[in-house]
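Undergrad: Below, each chain spelled out in residue letters.
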Amino acid sequence: RKEVEQDPGPFNVPEGATVAFNCTYSNSASQSFFWYRQDCRKEPKLLMSVYSSGNEDGRFTAQLNRASQYISLLIRDSKLSDSATYLCVVNPGGGFQKLVFGTGTRLLVSP
Amino acid sequence: DGGITQSPKYLFRKEGQNVTLSCEQNLNHDAMYWYRQDPGQGLRLIYYSQIVNDFQKGDIAEGYSVSREKKESFPLTVTSAQKNPTAFYLCASSIVGQGVNQPQHFGDGTRLSIL
Numbered sequence: 001r002k003e004v005e006q007d008p009g010p011f012n013v014p015e016g017a018t019v020a021f022n023c024t025y026s027n028s029a030s031q032s033f034f035w036y037r038q039d040c041r042k043e044p045k046l047l048m049s050v051y052s053s054g055n056e057d058g059r060f061t062a063q064l065n066r067a068s069q070y071i072s073l074l075i076r077d078s079k080l081s082d083s084a085t086y087l088c089v090v091n092p093g094g095g096f097q098k099l100v101f102g103t104g105t106r107l108l109v110s111p
Numbered sequence: 001d002g003g004i005t006q007s008p009k010y011l012f013r014k015e016g017q018n019v020t021l022s023c024e025q026n027l028n029h030d031a032m033y034w035y036r037q038d039p040g041q042g043l044r045l046i047y048y049s050q051i052v053n054d055f056q057k058g059d060i061a062e063g064y065s066v067s068r069e070k071k072e073s074f075p076l077t078v079t080s081a082q083k084n085p086t087a088f089y090l091c092a093s094s095i096v097g098q099g100v101n102q103p104q105h106f107g108d109g110t111r112l113s114i115l
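Protein chains in written order, with the working numbering: chain A, 1 to 111; chain B, 1 to 115.
Hints were generated in silico from the structure; no laboratory data involved. Here a beta-carbon is modelled for each residue, glycine too, at the ideal position from N, C-alpha and C. Heads up, a few of these hints could be off.
Claimed, not checked - With a straight-line cut-off of 30 Å between C-alpha atoms, the simulated DSS-like cross-links for lysine-lysine are:
no., chain 1, residue 1, chain 2, residue 2
1, B, K9, A, K98
2, B, K57, A, K2
3, B, K70, A, K45
4, B, K70, A, K2
5, A, K42, B, K9
6, B, K9, B, K71
7, A, K79, B, K71
8, B, K83, B, K70
9, B, K57, B, K70
10, B, K71, B, K57
11, B, K14, B, K70
12, A, K98, B, K57
13, A, K45, A, K79
14, B, K83, A, K79
15, A, K42, B, K71
16, A, K2, B, K71
17, A, K98, B, K71
18, B, K70, A, K98
Stated by the list, open to error - Computed footprint of chain A on chain B, listed as stretches where at least three residues anywhere in the stretch have a Cβ under 8 Å from a Cβ of chain A:
no., stretch
19, 40 to 54
20, 78 to 84
Claimed, not checked - On the chain A side, residues computed to face chain B include the following (Cβ under 7 Å):
no., residue
21, F34
22, E43
23, F101
24, G102
25, T103
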């Protein structure tokens, strides 16, 4: 089983739609969680950290479910500029900030 | 502007040649990392360094070498022993802090191809 698993997509949605991605992780001792965004042929950029109580940043909401070992990202009112690949990233623990990256979920927002 | 600078953006390697990718950061981060990304795959860790003059192998270190003589700099050498070097190479840095969400911040990458 992969340490971090994501549905590769693509998710095709119209502008204004709400879309949600899930990501599962295998190590129950995982300590910290992030969502990154990666545009085609560019570097990953931090979108948001994911906190135990869930957190929101504008149109983006992240949730963590430790019991079921998954994190989610909800995007409301999708914009054309949201088209990108969203990477689920997990720190599996072990005392150092070593991150494990999912292969990403591709989102395509159309007019 | 604080950030991470990678150079060159594009690099071509001949058979049997070693090439070095540069990574410099002015974020005052202690930890630095090198990743490789192949099409359709996630990032894979090559080497990382928590502190100057110390570094550790990641998951795919064979055929690569690094040095960390200065806090700001973490160059990666792709040696001739790396038989499949064509990939997108990403350098990252972070604060070192246990028990705290410490994300990594990336440079804009180097694309390496074989001639």
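Undergrad: Confirm or reject each hint.
TA: How the hints compare with the structure:
1. As the CA atoms of B:K9 and A:K98 are separated by approximately 25 Å, the hinted pair is consistent with the 30 Å bound.
2. For the suggested pair B:K57 and A:K2, the alpha carbons sit about 20 Å apart, so the restraint of at most 30 Å is met.
3. Using a Cα cut-off of 30 Å, the hinted pair B:K70 and A:K45 holds, with the two alpha carbons roughly 25 Å apart.
4. Of the pairs offered as hints, the one joining B:K70 and A:K2 is violated, with about 35 Å between alpha carbons and a cut-off of 30 Å exceeded.
5. Restraint check for A:K42 and B:K9: satisfied, since their Cα atoms lie roughly 11 Å apart, inside the 30 Å limit.
6. Restraint check for B:K9 and B:K71: the C-alpha separation of about 22 Å stays at or below 30 Å, so the hint holds.
7. A threshold of 30 Å between alpha carbons decides the hint, and for A:K79 with B:K71 the separation of about 39 Å lies outside it, so the pair is violated.
8. At roughly 29 Å between alpha-carbon atoms, B:K83 and B:K70 fall within 30 Å of each other, so this suggested pair holds.
9. With a C-alpha separation of about 18 Å, the suggested pairing of B:K57 with B:K70 holds against the 30 Å cut-off.
10. Restraint check for B:K71 and B:K57: the C-alpha separation of about 18 Å stays at or below 30 Å, so the hint holds.
11. Between B:K14 and B:K70, the direct Cα distance comes to roughly 29 Å. Compliance with the 30 Å bound is thereby established for this hinted pair.
12. Annotation: proposed proximity of A:K98 to B:K57 holds, straight-line Cα distance about 12 Å (limit 30 Å).
13. Taking the CA atoms of A:K45 and A:K79, the gap is near 18 Å; set against the 30 Å cutoff, the hint holds.
14. Distance hint between B:K83 and A:K79 is unfulfilled; the C-alpha atoms sit about 42 Å from each other, more than 30 Å.
15. Between A:K42 and B:K71 the CA atoms are separated by roughly 25 Å; this keeps the pair inside 30 Å, and the hint holds.
16. At roughly 33 Å between alpha-carbon atoms, A:K2 and B:K71 are farther apart than 30 Å, so this suggested pair is violated.
17. With a C-alpha separation of about 18 Å, the suggested pair A:K98 and B:K71 falls inside the 30 Å cut-off, and the hint holds.
18. With a CA separation close to 21 Å, the supplied pair B:K70 and A:K98 stays within the 30 Å bound.
19. Coverage of the stretch 40 to 54 of chain B by chain A holds. Counting CB-CB distances below 8 Å, 7 residues qualify, and the rule asks for three or more.
20. Only when three residues or more bring their CB closer than 8 Å to a CB of chain A does the claim for the stretch 78 to 84 of chain B stand; here the count is 0, and the claim is violated.
21. Here the hint on A:F34 is kept, as its CB sits about 5 Å from the closest CB of chain B, short of 7 Å.
22. About 4 Å separates the beta-carbon of A:E43 from the nearest beta-carbon of chain B, less than 7 Å, and the hint is met.
23. Because the beta carbon of A:F101 sits about 4 Å from the nearest beta carbon in chain B, less than 7 Å, this interface hint is met.
24. Hint status for A:G102 relative to chain B: holds, with the closest Cβ pair at about 6 Å, below 7 Å.
25. Because the beta carbon of A:T103 sits about 4 Å from the nearest beta carbon in chain B, less than 7 Å, this interface hint is met.
In the structure shown, a violation is registered for the earlier hints numbered 4, 7, 14, 16, 20, in ascending order.
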